[in-house]
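Chain order of the listed sequences is A and B. Read in order, the letters of the first sequence are residues 1 to 399 in the numbering used here. Read in order, the letters of the second sequence are residues 1 to 368 in the numbering used here.
Just so you know, the hints here were simulated from the structure itself, not pulled from any lab data. Careful, some of the hints might be misleading.
The calculated DMTMM-like cross-link candidates involving lysine to aspartate or glutamate, where the alpha carbons are at most 25 Å apart (straight line), are [what the hints assert, rightly or not]:
hint: 1; chain 1: A; residue 1: Lys374; chain 2: B; residue 2: Asp204
hint: 2; chain 1: A; residue 1: Lys388; chain 2: B; residue 2: Glu269
hint: 3; chain 1: A; residue 1: Lys158; chain 2: B; residue 2: Asp37
hint: 4; chain 1: A; residue 1: Lys387; chain 2: B; residue 2: Asp300
hint: 5; chain 1: B; residue 1: Lys275; chain 2: B; residue 2: Asp247
hint: 6; chain 1: B; residue 1: Lys275; chain 2: B; residue 2: Asp186
hint: 7; chain 1: A; residue 1: Lys387; chain 2: B; residue 2: Asp247
hint: 8; chain 1: A; residue 1: Lys388; chain 2: B; residue 2: Glu211
hint: 9; chain 1: A; residue 1: Lys388; chain 2: B; residue 2: Glu229
hint: 10; chain 1: A; residue 1: Lys158; chain 2: B; residue 2: Glu33
hint: 11; chain 1: A; residue 1: Lys387; chain 2: B; residue 2: Asp165
hint: 12; chain 1: B; residue 1: Lys51; chain 2: B; residue 2: Asp204
hint: 13; chain 1: A; residue 1: Lys321; chain 2: B; residue 2: Glu33
hint: 14; chain 1: B; residue 1: Lys275; chain 2: B; residue 2: Asp165
hint: 15; chain 1: A; residue 1: Lys388; chain 2: B; residue 2: Glu242
hint: 16; chain 1: A; residue 1: Lys158; chain 2: B; residue 2: Glu39
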Amino acid sequence: MEIPLIGSLDFLSVQSLISSFFPDWMAYLIAGVLLSFMVINAMVISTALYTWFERRVIGRFHSRLGPNRWGPFGLFQPLADVVKLMTKEDTVPESADRMVFNVAPVILLTSTLLVVSVIPFGDNTFLGRLNVGAIFIIGITSVNTIAILAAGWASRNKYAMLGAMRGVAMLVSYEVPMALGITGVVLMVGSLSLYDIVLLQEIPFWIVQPMGFLVFMAAASAEMSRTPFDQIEAESELGAGYHTEYSGMKFAIFQLAEFMAPVVTAIVATVLFFGGDRGWDPVPGQIWFISKVFLIIFLLLWVRATWPRLRIDQIMAFAWKGLFLMSLINIFAVSLEIILLQDPVTGLLEPNDLWVMSAINWVITIATIACMVKIFGKRKWDRPMPKKSPLANMYAEGD
Amino acid sequence: MSEIRTEPVTINLGPQHPSTHGVFRLRVTFDGEVVVDAEPVLGYLHRGSEKLAEGRTYVQCVTLTDRMDYLASMSNNLAYVSAIEKLAHIEVPERAQYIRVISVELQRIASHLMATGFLLNDLGALATPLMYCFRERERILDLFEMLCGARITLSYMRPGGVFQDAPEDFWPALDTFLRDMPGYIDELEGLITGNEIVLTRTRDVGILTDEMAINSSITGPMLRATGVEWDLRRANPYEIYESLDFDVPIGAIGDTFDRYLVRVQEMRESLRIIKQCVQRIPNGSVRTETPYFIRPPLGDVYSAIESPKGELGFYVVSDGGISPYRWHVRAPSFINLTVLRDMLIGWKMSDLIVIFGSIDIVLGEVDR
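Next up, chain A with everything else stripped away, as it sits in the complex:
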């Protein structure tokens, strides 16, 4: 019997392997625990690696070194962080709603972790080839809105409440363009299964529909509240936002979930737009997958280190006037192309058709963005020339 590699593991195969030794109910239990253990540990370790990566990269952007003391290149820095956070006192404000206060970090972390279970790292996903993977992702990522509101509300802190309120408004708005961005991909593949999406990406979809990719990335970076959309914990305004009152391990869980979000986003983007584990032999698919994920993470960090923050009303305007419109145009263009180009009998798209679509979509994308800049963007240098105020004249002779 062939031992399955990581990436081709799924719940059913593990469960059937175990059920030859144990009764059925126990096999379910063991398989479940085993796989959750794997998912959680894989994500926590990669998040720890990511925090190190982020701090080093941002350090370079800041023209400084970043953590480099503990371990080779400071690689053990995340361990030091964990020890520091675990030894801190875990305080709960006196007037806090204790139950909600304690549950909020768990909800946030769980919703982030669950996304990973449907990602096809290789031939398979942890939950098997779930045929509604895309919908699962959209649904499960909206749960973190509840966690953030719960944390802000239960803390009974004005800053936390303000951050949470902003967060809810923003997250709910940005779910729409994100879902519509994914819709473009789903339309082309004709299936909600992430496995099929990877399978059909002869050409990575970011080339085929650049506008969908841009919309998705913008909406996703808002979903994980990174600059320029970091309203939820606008550091210079709210201190820490919704987790102001948290400390110790609960704070660590919030931080973990927060740092996990970019990793998860990069993973989802890899699957949807970069062809998942597709690559060229002899490099194994998993290596391709990880390198694509880190490439996207680097792009996200680049954006984070470069841009200032937008104001809350500008963010909402950007979602509803900009991204929403762009994603609708994208969906319209993609559906039209599919109707015109697809094989009338099988309903499939050939690689040649994909190249034609990419050409059209790039033109549409550039034209749309140019039009939107023209219509919505204020003209940059449209400023009055400085003129001297008549109220004071410093060259006047004194009395």
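For this one, chain A is given, so just place chain B on it according to the hints.
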């Protein structure tokens, strides 16, 4: 549908808050995100400098001035010693005047770099521009270290000159700095000035009209951003500014972006001034001999200079003794804060932070 009942909420911004530039406290009342009222609460960094000065000799007071605007100690030193020179009629050698102008203009660049960096930090730019500003400021602090051994609290000036001449290697280092700095400023402007997000966040935000600025006695870059051409280096020249060729940059409408632009242009003008000074500086002594205890004649004096933040004035009353009878500071940071409430009302929380950051205050000077 019945209307939802809402009520304004009061938030304490500070004294411990990442964007209050020290220990400034602002009681803000919000209606949702919009500011309806704001009340600054001052005094968390009050150290009684003005009273302390009454127990010190005139030379000892120089160290007190360092600790007021700690981002611009040179300017504070100059403002104070020129007041004493006016009071006690002390002549300053020409070389000392040149060195003073060079160091004060270097300090102006350093201070404006900090103002720009922290403004961008308040905009939420994750410290990247701030770190670049720090990198350039570091060069200036190195130059100061060559001049007087200190980097922040300099105490370089004395009544009658400066306490020592610039060392030999200061001049080549200054030349290198003057060669590099325009490139740094270009780089900074390239990153910030055309940035779409910076423009959306700062343009037309927190407008201060020229009339309001004059009525509230605002000075410095904040006043010049409103279009009022007023610079004490021109309007009431001190030291050698009369003989130097430089422009006074002004803004168009007095919004946050104008205040940023004026600061950047002033950095370029300062470089021009320093270049001229380096070319013309004469040889000679750098300090007039003064008695160990300066005893100015009975009387009082007000003397002001254009510090990076605005008009920094010292009012000193002498009773003929070895220490001042009364020592009062007209601190530009403090007076520029007086319009804060009028500028804030009606703007959102995020704008509050940006407008406050663009005033460029140093709490050491506000509370003294």
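Right, here's what the structure says about each hint:
For the given pair, Lys374/A sits about 20 Å from Asp204/B by alpha-carbon distance, which is consistent with the 25 Å threshold. Restraint check for Lys388/A and Glu269/B: the C-alpha separation of about 18 Å stays at or below 25 Å, so the hint holds. At roughly 17 Å between alpha-carbon atoms, Lys158/A and Asp37/B fall within 25 Å of each other, so this suggested pair holds. As the CA atoms of Lys387/A and Asp300/B are separated by approximately 38 Å, the hinted pair breaks the 25 Å bound.
For a cut-off of 25 Å, the pair hint linking Lys275/B to Asp247/B stands: about 14 Å separates their Cα positions. Restraint check for Lys275/B and Asp186/B: satisfied, since their Cα atoms lie roughly 18 Å apart, inside the 25 Å limit. A threshold of 25 Å between alpha carbons decides the hint, and for Lys387/A with Asp247/B the separation of about 14 Å falls inside it, so the pair holds. Under the criterion of a C-alpha separation no larger than 25 Å, the hint pairing Lys388/A with Glu211/B is consistent with the structure, at around 13 Å.
Distance check on the hinted pair: Lys388/A and Glu229/B sit about 6 Å apart at the alpha-carbon level, within 25 Å; holds. With a CA separation close to 12 Å, the supplied pair Lys158/A and Glu33/B stays within the 25 Å bound. Straight-line distance between C-alpha atoms of Lys387/A and Asp165/B comes to about 42 Å, which puts the hinted pair past the 25 Å bound. Distance check on the hinted pair: Lys51/B and Asp204/B sit about 42 Å apart at the alpha-carbon level, beyond 25 Å; violated.
At roughly 21 Å between alpha-carbon atoms, Lys321/A and Glu33/B fall within 25 Å of each other, so this suggested pair holds. Taking the CA atoms of Lys275/B and Asp165/B, the gap is about 18 Å. The hint holds against a cut of 25 Å. At roughly 21 Å between alpha-carbon atoms, Lys388/A and Glu242/B fall within 25 Å of each other, so this suggested pair holds. With a C-alpha separation of about 18 Å, the suggested pair Lys158/A and Glu39/B falls inside the 25 Å cut-off, and the hint holds.
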